[in-house]
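Protein chains in written order, with our numbering: chain A, 1 to 599; chain B, 1 to 599.
Since the hints were made in silico from the structure, they are not lab data.
None of the values given here were measured: they were computed from a predicted structure.
Be a bit skeptical, because a hint or two may be false.
As the list claims (entries may be wrong) - Derived contacts from chain A toward chain B, CB cut-off under 8 angstroms, selection only: (1) Gly171; (2) Glu255; (3) Gly418; (4) Phe556; (5) Leu592; (6) Phe599.
The beta-carbon is built from N, C-alpha and C at its ideal position, and this holds for glycine as well.
Number of protein chains: 2
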Amino acid sequence: MPDYKAPLRDIKFVMSELLDSEQHYASLEGAEDATPDMVDAIIGEGAKFCEQVLSPLNQVGDQEGCTWSEDGVKTPTGFKEAYQQYVEGGWPSMAADVEYGGQGLPNSVNLVMSEMVGTANWAWGMYPGLSHGAINTLESHGTEEQKQTYLTKLISGEWTGTMCLTEAHCGSDLGTLRSKAEPNSDGSYSITGTKIFISAGDHDMAENIVHIVLARLPDAPKGTKGISLFIVPKYLPGEDGSAGEKNAVSCGSIEHKMGIHGNATCVMNFDGAKGWLIGPENKGLNCMFTFMNVARLGTAIQGLSHAELGFQGSLDYARERLAMRALSGPKNPEGSADPIIVHPDVRRMLLTQKSIAEGARALIYMAAQQSDILHQGKTEEERQAADDMMGFLTPIAKAFLTEMGHESANLGVQVFGGHGYISEWGMEQNVRDARIGMIYEGTTGIQALDLLGRKVLMTQGESLKGFTKLVHVFCKENADNEQMKEFIEPLQALNKEWGEITMTIGKNAMKNRDEVGAASFDYLMYSGYAVFAYLWARMAKVALDKMAEGTEEEAFYNAKVETARFYFKRLLPRSRGHVAMLEAGADSLMSLPEDQFAF
Amino acid sequence: MPDYKAPLRDIKFVMSELLDSEQHYASLEGAEDATPDMVDAIIGEGAKFCEQVLSPLNQVGDQEGCTWSEDGVKTPTGFKEAYQQYVEGGWPSMAADVEYGGQGLPNSVNLVMSEMVGTANWAWGMYPGLSHGAINTLESHGTEEQKQTYLTKLISGEWTGTMCLTEAHCGSDLGTLRSKAEPNSDGSYSITGTKIFISAGDHDMAENIVHIVLARLPDAPKGTKGISLFIVPKYLPGEDGSAGEKNAVSCGSIEHKMGIHGNATCVMNFDGAKGWLIGPENKGLNCMFTFMNVARLGTAIQGLSHAELGFQGSLDYARERLAMRALSGPKNPEGSADPIIVHPDVRRMLLTQKSIAEGARALIYMAAQQSDILHQGKTEEERQAADDMMGFLTPIAKAFLTEMGHESANLGVQVFGGHGYISEWGMEQNVRDARIGMIYEGTTGIQALDLLGRKVLMTQGESLKGFTKLVHVFCKENADNEQMKEFIEPLQALNKEWGEITMTIGKNAMKNRDEVGAASFDYLMYSGYAVFAYLWARMAKVALDKMAEGTEEEAFYNAKVETARFYFKRLLPRSRGHVAMLEAGADSLMSLPEDQFAF
């Protein structure tokens with residue numbers, strides 16, 4: 001497993017040089033503490049913790065996995081101690097509400113920490129990561145008493161949280177879920193049902209676990225309109241607020257799975273467990289949707305994390321491993337062969353990883369700023385605009401980045417050749433860990449429908465226009481910039497085409513609703529490449545400007561420009577295939593009768 | 001793990017309807033036994049063995065893996081017994097030389113069996129599969145005594161073989177290998193060195209293992225011109241020909257790896273082991289190249305196998321799993337939801353898998369017929385033409401099919417959603433097993449250089465012309481066929497473009513040799529899509545003709561035509577991206593200085 005090194009220079013580039021975080025934080029309500037020095041210091045401290053404490057446990061977690069017994073789930077060696085340090089460092093409370101013990105920093109600072117935690121050790125990071133769902137639910141919909149009882153403990157990190165949605169027969173389609181909540185005379189509810197795929201559903205890292213459970217009240221309407229949310233703690237809080245009596249909730253088993261072995265994926269049995277309604281009756285899904293974008297952005301980070309880790313591992317290897325001579329003549333004549341980084345095809349793989357990782361960082365941080373504004377923007381107008389932008393960017397970030405992260409992780413294996421397939425090197429673990437990203441928190445297919453159906457077409461394209469306008473303005477600003485021409489011209493063409501294909505799909509969908517599902521995946525991927533093109537063009541602009549001004553970091557900025565060039569010449573052309581595919585229409589998918597798929 | 005069902009109808013379609021195997025076998029020297037009835041009967045028997053014996057052991061092999069001890073490697077439960085049945089069934093000898101106990105059937109019949117074995121249980125199939133390398137080496141370069149001693153035992157399956165090439169510091173670049181062979185006074189050699197990644201290097205399935213080892217004679221020239229081949233048996237053959245005294249070769253350890261757990265990947269230590277030279281001194285690599293294409297075709301099958309297994313698994317699931325309603329209205333109104341096969345995006349995934357699996361079968365069988373002609377063609381001219389065609393098709397089949405098979409296996413996971421990530425269902429194992437295909441027996445990058453550099457450019461494009469001429473003739477024959485227009489028009493354009501981009505790369509490469517490496521991957525993928533386009537157009541033609549003639553299997557042929565349409569509209573457009581990328585040239589990969597890849 002490669003030793004993770006937090007890419008602090010690039011983090012700084014994206015935060016402050018590309019996205020002007022200083023100005024951004026100054027524009028927020030109550031983000032006075034987020035001064036550049038403070039943010040730098042926090043990220044620097046976080047980096048040390050991730051590099052020194054979490055990264056060494058990444059392979060341990062994979063190899064040991066979690067262990068189930070009737071007494072509960074045991075996490076891999078070192079996980080519990082690392083969590084203790086994490087809590088003592090105050091990391092869980094960073095972006096939480098000051099009123100309940102949080103430090104009130106903007107969410108975007110927290111997401112940088114999530115990136116570093118996730119890249120160092122994704123499976124470990126899921127334990128505190130899952131708490132965010134419970135924290136968001138309580139912040140948005142909890143009563144004051146619920147907040148005092150649960151939110152404070154989640155924010156301090158003493159307790160962790162889960163989201164209990166999926167049942168064996170339903171994941172994407174929550175409308176058919178069956179778990180029941182029967183009212184008790186004391187105002188609480190008895191929750192009964194079995195939930196599966198509950199990440200961090202049980203473990204030994206914190207003294208209590210707060211489950212947010214989707215269940216149906218008696219006589220609730222069928223489908224998605226009859227689902228309510230309940231708080232179901234593993235241990236019922238005692239009078240003094242500490243974890244008391246064991247509740248009737250238990251982990252029945254843990255899954256054997258492809259990767260993220262260090263994180264327990266639990267079957268959770270609720271056997272008349274005591275729970276409390278949170279939010280209005282039958283509005284559970286609506287309540288969850290209020291922070292769905294933020295939760296999905298958390299998963300989008302997984303794409304960035306595995307892309308970055310894959311890149312770091314394969315770059316080190318490509319510089320050290322000797323094999324064959326450069327086609328253009330020996331580059332390491334005194335050695336037995338040249339390092340493989342001299343070979344164009346190895347560079348193709350490394351540059352693909354690099355442009356994915358750095359592009360992903362730009363996209364995540366851009367969306368993270370929108371989530372800051374959504375929560376701390378000074379005007380309703382700003383907040384609404386940020387919500388719209390988040391709505392548009394989130395499915396792209398979640399699906400496109402996890403797909404690209406998986407590709408990058410696979411390239412990491414490929415650069416290592418046969419050694420990539422061997423567990424010891426950690427590159428194959430990175431692929432196995434990455435693979436879940438395209439599935440949970442809404443599969444790529446679900447995100448694609450969300451983007452095209454719910455976000456773009458349901459707003460008559462307004463959601464897309466919010467973004468293409470940014471692109472248009474940027475292109476216009478740089479129309480006369482000779483150095484930027486190689487980026488602006490293709491970007492402008494793409495931006496125009498993006499609107500046109502959206503119109504076409506919209507028209508076709510009026511005749512046949514299957515046209516939406518038939519175009520959605522390729523539309524999402526196309527949009528991902530387009531968003532990356534905009535971000536890479538902007539990054540090139542920043543770098544070219546710095547070089548024009550004169551800088552001591554010429555090499556760093558040159559690398560940005562070269563990577564942008566690589567992106568435009570070597571990855572963006574994939575959009576040509578996606579355009580053709582999404583124009584192929586529904587017939588090419590629907591005309592084969594179901595019974596003719598195999599004989 | 002899905003229960004494997006041999007796709008006998010499709011196998012028959014490709015063999016006899018697409019590739020006219022009856023006429024093909026009749027045209028070969030000494031293939032009189034390969035009558036249609038005989039071939040059908042063999043494949044039918046083989047299918048039963050694969051479905052009933054090997055398929056149930058696929059998941060067992062993954063979960064148990066192999067166990068190392070000082071006494072040797074123990075294979076998973078049932079593997080040894082299955083091998084016994086395989087030997088008793090006469091399967092190892094099917095395509096081998098009659099003179100040494102073989103049945104003399106054409107290689108293409110054997111490859112159909114290899115497909116079924118590999119799809120049922122790839123890890124198991126590698127044990128007999130690895131023998132082919134040793135068999136080919138002995139058939140081509142062994143002395144009569146060596147053949148009598150080793151070849152007969154390998155053909156009967158009593159013994160198995162390995163190829164010992166890789167050392168820790170060298171895989172693709174064999175020129176730097178260090179294992180030594182010192183001559184003994186009795187004409188034998190003492191072999192010393194450590195080989196890694198030796199598949200089936202040790203096991204308990206056969207009474208002896210024949211290693212073909214690459215090593216250097218004293219004072220051998222440096223590099224690839226100083227490598228010789230040696231036969232090194234695990235047990236030295238006694239006077240009566242049976243396995244006798246233990247040789248000084250042992251398995252030092254086995255690798256923990258991503259997949260193919262049922263197959264032992266061994267570190268093999270040769271400590272002055274007794275061996276015998278095979279073929280001329282210092283010509284080891286040349287000797288191996290004589291059957292490299294056939295060996296690589298064996299690995300190409302892995303792409304087909306994982307594509308097929310992924311497709312079978314996800315099709316069953318997509319028909320049974322209920323989630324959400326079709327966008328165009330309920331299709332299963334009495335159920336709680338519709339089966340997911342109604343959703344366009346699920347169909348996109350299934351059709352991608354289907355068109356990959358069936359296209360791969362056509363490509364493998366086409367190449368297999370060439371390998372038949374190479375060995376049993378009646379004229380030197382025929383044999384030479386087949387050798388050229390094999391040379392062109394092999395890197396495409398090996399690299400393109402393993403890449404596509406991996407994609408298809410991953411789609412299998414995706415169709416299953418969260419369940420795909422859980423080991424129990426077997427879909428994630430299919431991905432892990434598939435992943436090695438793009439690496440061993442020459443990585444995708446190595447195949448791409450072989451195709452573009454060695455095969456196409458070194459023959460001044462003649463190698464490509466051999467194929468594009470076939471395409472041209474086919475297009476001309478169907479120029480007036482209205483029904484075929486949708487396939488012929490894009491195929492013709494592609495065929496022209498293929499020649500043009502080859503010319504362009506060739507010109508650029510004269511100025512800068514890095515242009516070859518910079519274009520090679522995209523050229524290979526482009527070529528793969530082009531070859532598939534030709535094969536899918538031909539398959540559509542066969543099906544349309546059958547329907548025009550009138551048939552009781554209308555549904556089967558209709559599915560072929562629809563799948564061909566899907567291929568042209570939904571997969572072939574990827575070639576647009578690859579053209580643009582390979583035209584991007586070497587600069588986009590080489591201009592970033594090595595020390596600027598990260599900061």
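Here is how each hint holds up against the structure:
1. The closest approach between the C-beta of Gly171(A) and any C-beta of chain B is roughly 5 angstroms, which is under the 8 angstroms cut-off, so the hint is satisfied.
2. A cut of 8 angstroms between beta carbons decides the hint on Glu255(A): the least distance to chain B is about 5 angstroms, and the hint holds.
3. With a least beta-carbon distance of about 5 angstroms to chain B, the hint placing Gly418(A) at the interface is held under the 8 angstroms criterion.
4. Nearest Cβ of chain B to the Cβ of Phe556(A): about 5 angstroms, under the 8 angstroms cut. The hint holds.
5. Among the interface hints, the one on Leu592(A) holds; its C-beta lies about 4 angstroms from the nearest C-beta in chain B, closer than the 8 angstroms criterion.
6. For Phe599(A), the suggested interface contact is upheld, since its CB lies about 5 angstroms from the closest CB of chain B, less than 8 angstroms.
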